[in-house]
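Trainee: Spelled out, the chains give:
2 protein chains.
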Amino acid sequence: MALIVQKYGGTSVGSVERMLSVARRVAKYKAQGHQIVVVVSAMSGETNRLLALAKNIQDSPDPRELDVVLSTGEQVTIGLVAMALMQVGLKAKSYTGAQVKILTDNAFTKARILSIEEQNVRLDLANDYVVVVAGFQGVDENGNITTLGRGGSDTTGVALAAALGADECQIYTDVDGVYTTDPRIVPEARRLKTITFEEMLEMASLGSKVLQIRSVEFAGKYKVRLRVLSSFQDEGEGTLITFEEDKDMEQAIISGIAFNRDEAKITVRGVPDRPGIAYQIIGPVSDANIDVDIIIQNVSTDGTTDFSFTVHRNEFSKAMEILKNKVQKHIGAADVVGDDKTAKVSVVGVGMRSHVGIASKMFRTLAEEGINIQMISTSEIKISVVIDEKYLELAVRVLHKAFDLDQERI
Amino acid sequence: MALIVQKYGGTSVGSVERMLSVARRVAKYKAQGHQIVVVVSAMSGETNRLLALAKNIQDSPDPRELDVVLSTGEQVTIGLVAMALMQVGLKAKSYTGAQVKILTDNAFTKARILSIEEQNVRLDLANDYVVVVAGFQGVDENGNITTLGRGGSDTTGVALAAALGADECQIYTDVDGVYTTDPRIVPEARRLKTITFEEMLEMASLGSKVLQIRSVEFAGKYKVRLRVLSSFQDEGEGTLITFEEDKDMEQAIISGIAFNRDEAKITVRGVPDRPGIAYQIIGPVSDANIDVDIIIQNVSTDGTTDFSFTVHRNEFSKAMEILKNKVQKHIGAADVVGDDKTAKVSVVGVGMRSHVGIASKMFRTLAEEGINIQMISTSEIKISVVIDEKYLELAVRVLHKAFDLDQERI
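In the order they appear, the protein sequences are chains F and E.
Take 763 as the starting number for the first sequence in my numbering and just add one per residue.
Take 763 as the starting number for the second sequence in my numbering and just add one per residue.
Please keep in mind that the hints were generated in silico from the structure rather than gathered at the bench.
These figures come from a predicted structure and were not determined experimentally.
A few of these clues could be false.
In this list, chains with the same sequence are indistinguishable; a pair is considered to hold if it fits within one copy or across any two.
In silico DSS-like cross-links for lysine-lysine, where the CA-CA straight-line distance does not exceed 27 Å [as the list claims (entries may be wrong)]:
{"id": "1", "residue 1": "K790", "residue 2": "K853"}
{"id": "2", "residue 1": "K817", "residue 2": "K790"}
{"id": "3", "residue 1": "K1152", "residue 2": "K853"}
{"id": "4", "residue 1": "K955", "residue 2": "K872"}
{"id": "5", "residue 1": "K955", "residue 2": "K1086"}
{"id": "6", "residue 1": "K817", "residue 2": "K792"}
{"id": "7", "residue 1": "K1103", "residue 2": "K872"}
{"id": "8", "residue 1": "K872", "residue 2": "K1080"}
{"id": "9", "residue 1": "K863", "residue 2": "K792"}
{"id": "10", "residue 1": "K853", "residue 2": "K872"}
{"id": "11", "residue 1": "K863", "residue 2": "K1163"}
{"id": "12", "residue 1": "K985", "residue 2": "K955"}
{"id": "13", "residue 1": "K853", "residue 2": "K1080"}
{"id": "14", "residue 1": "K1163", "residue 2": "K1123"}
{"id": "15", "residue 1": "K1088", "residue 2": "K872"}
{"id": "16", "residue 1": "K983", "residue 2": "K1091"}
{"id": "17", "residue 1": "K817", "residue 2": "K853"}
{"id": "18", "residue 1": "K1091", "residue 2": "K1123"}
{"id": "19", "residue 1": "K1091", "residue 2": "K1080"}
{"id": "20", "residue 1": "K1080", "residue 2": "K790"}
{"id": "21", "residue 1": "K853", "residue 2": "K1091"}
Isolated chain F (complex conformation) (with noise of 0.2 Å):
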């Protein structure tokens, strides 16, 4: 008998066929004996329905507000997938973010999860209950309903079985796994079976977007043994994310290659070079709530540098305007210059740490077909590079096929 988190993203729920369809599942592993926590986000277009209606009022909804609203999809979702259970002849019981509970930070709209009561779901499911939980959404000290931002349905589930000790939190969504790029761009691309959780990290950060971020760190920190599978497919094992210290799985020098179309890039010329400025010029933008991704500074020379970064589309204005009205005066920048038109490409693999000559091959390919690279930076197991847009789909290719991941690793 195992406890199992399984998590239902907006398309597995988006309809009530697709409910009953999930309820179907939760049977077949009850039938077994195990304990399930089933963790669902809102049906697919709800949010972007309530978002809407939103910002007909107001331009910019009110973050307290606007959560008050959003987390009204998983809770009319927990509602009827409880319905759903009981309908195929299960106990089942729902509770929002605020009656499990799960406190969060006030940040609304992207709030962080502090700590889970998880005492009366492990009541429940001692009493044979199938237990679901509103994905998405927490409640603050002050009893404030918040959000954790979109994708935070995957970080309730992870929290939810690192809170619960779960032996796994199965993410169901509608790829039955994690694939070495977008199959979309390039048909070749191959589901892997594992994948390290620091892989994971890179291609979920660099915008692979089957797991949402925070949940995969979530993950790495609390040990939770992840699944990713197809919410449409009965059978498949789906792609499991392992830890790196697992020494059977399948190695290979790179394991994918991951992309982010919402890119955007911002650089401010001409900045003294002294102590603090960094912080001078990110610390603002932070304190703004605008996510930072990449960040580059080069050597100095005649005591000036450039200063770049990116941040995502939807923010590009506002970052801009922090940084023009704000910044450049304050630090006596020369200038702020920006593009929203970019994107970022990267290759990941835990196996590139003992191989020389990923970077090279990666830069070669790119220069062969007439890509011009705008910024580069790098991890130990990632290289990212920042290209026009209009090159995304190509890039992608091209280096899916220099290295080799069209062919099964061995």
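Dock chain E against the given chain F, drawing on the hints supplied.
Mentor: This is chain E only, laid out in the frame that chain F set:
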């Protein structure tokens, strides 16, 4: 400066434009220095949409889970209305029933309010916030979400007004007050400037539908000044619901003709006339949470009597089943018969206390139209008859005319 609770129904918040219109009205009151609490229903159509979703999964949706689903309707509205209030320049903050907290019993889908913790609301009002509270919902002592049943938002409004000691509770709806009868049936129907609590109680319970009956009971019990207004008109004083003690009020013998289309009558025939028999019949019906309206038992003949009562048409078959399967044999009754094609028409008015002949005038008027009376029930301020539903409109029209309700009160 007054503290006013304003309750807006589903059509009053049925669109973004309507919500902004609500916000502008609130702003007018705020400009006059009043403290305002806004209680809202779900956007029109939303509760039915959610109910349909649930019924697509379970024919009889699990009550606990149904409340989880239905309560989201009002939760969406509070967030959006709070945004609308901010949009017109006010400070606003929303509360779900659980956040207030509005403590109820655990009778899911038809819970009753036990108490209201109004401290936080009071604090926000003192800090110049307009407080927006979700109607129709509460939370039981175990933290389960409950709903008060259809129309429960009125009850929330009145209960909050009572808890806060508000100066007035204004119920905004799609009509501009209480009429002598339904203007859709009798075009000459007039709006009443005032109506007594007792009359309003009878009018509401008899199906006038302007206010939900429980809210009127609440208002009477806690002496809440209640006013019905139209949210579609900027002017107009609506109908004030007064205490009978107000001696200045306009006096008339009859205030209005109320009716209820959804009545079903049930008769238990040949009931042995012994103590406790009424309880043995009504007890099981009540235990099944079926509301009973009129109850009639006539004097017995030969040691047996006929026992009749009416229920809402939707609960007719359930009630019949209970009586046939659980009651009839147990008490030794001869038969159980019923008819769900009936309607109830009532004349209501505190004035009839001191006026004889109202009943005979009513019966004569119906007789002249050939309308057969199936059941009669009276109280101090109303006379109700159950008739074949096909005569309903005719009965209302002739009674409205017979009692001169198309003439202004003197």
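Trainee: Which numbered conditions among the earlier hints are violated in the structure presented, ordered from lowest to highest?
Mentor: 3, 4, 5, 11, 16, 18, 20, 21
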